[in-house]
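Take a look at the letters that make up each chain.
There are 2 protein chains.
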Amino acid sequence: MKNKLTIVKVGGAVVEDEAQLTQLLRDFIAIEGPKILVHGGGRRATKVAERLGIETKMVDGRRITDADMLEVVTMVYGGLVNKNIVARLQALGADAIGLTGADANILLSAKRPLKKGIDYGFVGDVKKANGSKIAHFIEANLIPVVAPLTHDGEGHMLNTNADTMASETAKAMAAAGFDVTLIFAFEKPGVLSNPDDDNSVIKSITHTDFEAYKADGTISGGMLPKIENALSAVDAGVKRVIITKATAIDGQHGTIISF
Amino acid sequence: MKNKLTIVKVGGAVVEDEAQLTQLLRDFIAIEGPKILVHGGGRRATKVAERLGIETKMVDGRRITDADMLEVVTMVYGGLVNKNIVARLQALGADAIGLTGADANILLSAKRPLKKGIDYGFVGDVKKANGSKIAHFIEANLIPVVAPLTHDGEGHMLNTNADTMASETAKAMAAAGFDVTLIFAFEKPGVLSNPDDDNSVIKSITHTDFEAYKADGTISGGMLPKIENALSAVDAGVKRVIITKATAIDGQHGTIISF
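Each protein sequence line maps, in turn, to chains A and B. At position 80 of the first sequence the residue is numbered 80 (the numbering used here), and the sequence of numbers has no breaks. At position 134 of the second sequence the residue is numbered 134 (the numbering used here), and the sequence of numbers has no breaks.
In short, the hints are calculated from the structure, not lab data. Among the clues, some could well be false.
Each pair may be met inside one copy or between any two copies, as identical chains are not told apart.
To be verified - With a Cα cut of at most 25 Å, we get these calculated SDA-like pairs of lysine to any residue:
| id | residue 1 | residue 2 |
| --- | --- | --- |
| 1 | Lys35 | His136 |
| 2 | Lys47 | Lys57 |
| 3 | Lys127 | Ala94 |
| 4 | Lys111 | Thr22 |
| 5 | Lys111 | Glu16 |
| 6 | Lys133 | Gly33 |
| 7 | Lys128 | Ala91 |
With the sequences and hints as input, model every part of the structure.
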């Protein structure tokens with residue numbers, strides 16, 4: 001039987017709110033068995049950049065990372081947010097270890113080439129997530145807390161989307177032999193059939209369901225890439241992906257995406 | 001026979017200079033056997049604080065760390081400086097992992113009480129360095145890169161002097177059974193018998209030598225606490241402490257302090 005592993009990805013809005021973060025970390029610790037936390041921190045980065053007089057430029061929700069912004073995200077994601085979470089988990093009795101992709105070379109990336117003429121700057125597209133390295137930490141009973149930063153193998157840190165970090169980590173851990181549940185914690189209770197009704201959570205989505213929901217317009221807009229991303233993780237061996245509210249990460253709530 | 005372990009402490013001036021850092025990292029990698037790098041970053045923290053409009057206050061060379069400054073050092077030491085070094089070591093083929101005291105709970109501290117009426121703020125005095133935890137990384141063939149930050153076990157990061165981080169780590173590793181060489185890399189070629197003559201390096205200092213040098217005034221001022229600190233590490237089982245120039249960390253240069 002495969003070892004169970006739960007990977008929770010939590011975004012900046014939760015991480016940067018004291019009360020929400022405290023609750024999230026308690027709920028995270030309550031998850032049975034080995035686990036990994038992947039966090040964002042974009043709002044905090046934007047705030048620090050602003051105080052430093054560095055302008056934040058976004059294209060389609062993605063941060064343009066010039067050299068100054070790379071320093072900001074390295075400081076904020078790898079230092080401020082990551083170490084704050086690690087210290088809090090330690091206080092709750094969880095033996096956490098903060099990691100970026102550079103640490104123990106767990107996530108190697110390549111600087112993104114121009115996309116549709118847009119230069120995203122120092123943004124890394126993941127080339128290789130090292131599952132056996134990450135497994136080593138799990139086997140040592142440590143709880144990896146992963147910041148959304150990678151490295152290019154040539155001495156440079158790169159900014160990498162936290163959702164991507166989480167799904168690439170999940171795929172690598174599945175390939176390393178774990179029974180992986182990947183939970184995306186966000187502001188909504190799940191994938192909704194009616195965007196205005198929080199009670200309209202779709203309980204489960206498979207490839208076939210997704211094609212149907214897409215065809216009839218039930219699922220559209222920003223939710224499409226999220227589910228495509230989840231299905232690609234499932235295709236790569238991740239057992240299930242759950243999209244749920246940050247206050248409901250027990251595996252019993254939200255939308256379950258599986259093969 | 002005990003396993004050899006070399007711990008190199010390098011200060012902010014070297015870490016923040018591209019050319020010096022590159023050379024230092026190459027020399028560091030060339031050291032045979034297991035090793036740990038402990039770094040500072042104070043100058044960079046001061047610069048970032050200045051850009052953020054946060055005033056840097058020092059007392060006897062120690063930083064007063066209020067809540068704002070704690071955020072700055074957590075960002076700069078734990079994020080910017082630490083991850084930059086880790087990425088560069090990875091590029092040089094060294095499997096580095098960046099750690100603060102909170103990560104895997106390797107260095108637990110207590111917030112410093114008022115000292116002579118001075119409130120140092122969020123500064124941590126090391127209570128426990130966890131040698132067996134650090135040894136675990138060494139045994140996994142990882143090279144710990146340690147930032148001068150600890151945690152209090154109650155969810156807070158604390159600012160801790162990098163020299164102290166290095167000597168406490170060295171003591172813990174000696175207690176964990178390693179044959180430890182602790183190298184303090186700084187701007188001078190060693191402890192000088194004539195502060196104006198870089199060729200006057202004292203080759204070796206024992207307790208007895210130190211008392212004599214102190215009595216006749218050969219060693220005085222800021223060098224006294226450095227050597228007292230080194231001797232206390234030696235008393236705690238560290239095999240030798242070397243005070244040397246950052247460009248000469250091969251163990252063959254500088255002043256060797258031993259029992």
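Now the hints, each set against the structure:
1. In this assembly of identical chains, the alpha carbons of Lys35 and His136 lie at most 25 Å apart whether taken from the same copy (13 Å) or from different copies (20 Å).
2. In the homo-oligomer, the alpha carbons of Lys47 and Lys57 lie at most 25 Å apart both inside one protomer (13 Å) and across protomers (24 Å), since each shortest distance falls under that limit.
3. Proximity of Lys127 and Ala94 under a CA criterion of 25 Å is satisfied inter-copy only: 19 Å between copies versus 30 Å inside one chain copy.
4. Within a single copy, Lys111 and Thr22 get their C-alpha atoms only as close as 34 Å, which misses the 25 Å cut-off; across copies the closest is 22 Å, which meets it.
5. In this homomeric assembly, Lys111 and Glu16 come within 25 Å of each other (Cα to Cα) only across copies, at 24 Å, whereas the closest approach inside a single copy is 28 Å.
6. Within a single copy, Lys133 and Gly33 get their C-alpha atoms as close as 18 Å, and across copies as close as 21 Å, so both meet the 25 Å cut-off.
7. Taking identical chains as interchangeable, the C-alpha atoms of Lys128 and Ala91 lie at most 25 Å apart only when they sit on different chains, with a minimum of 15 Å there against 32 Å within one chain.
The structure fails none of the hints (numbered hints given earlier).
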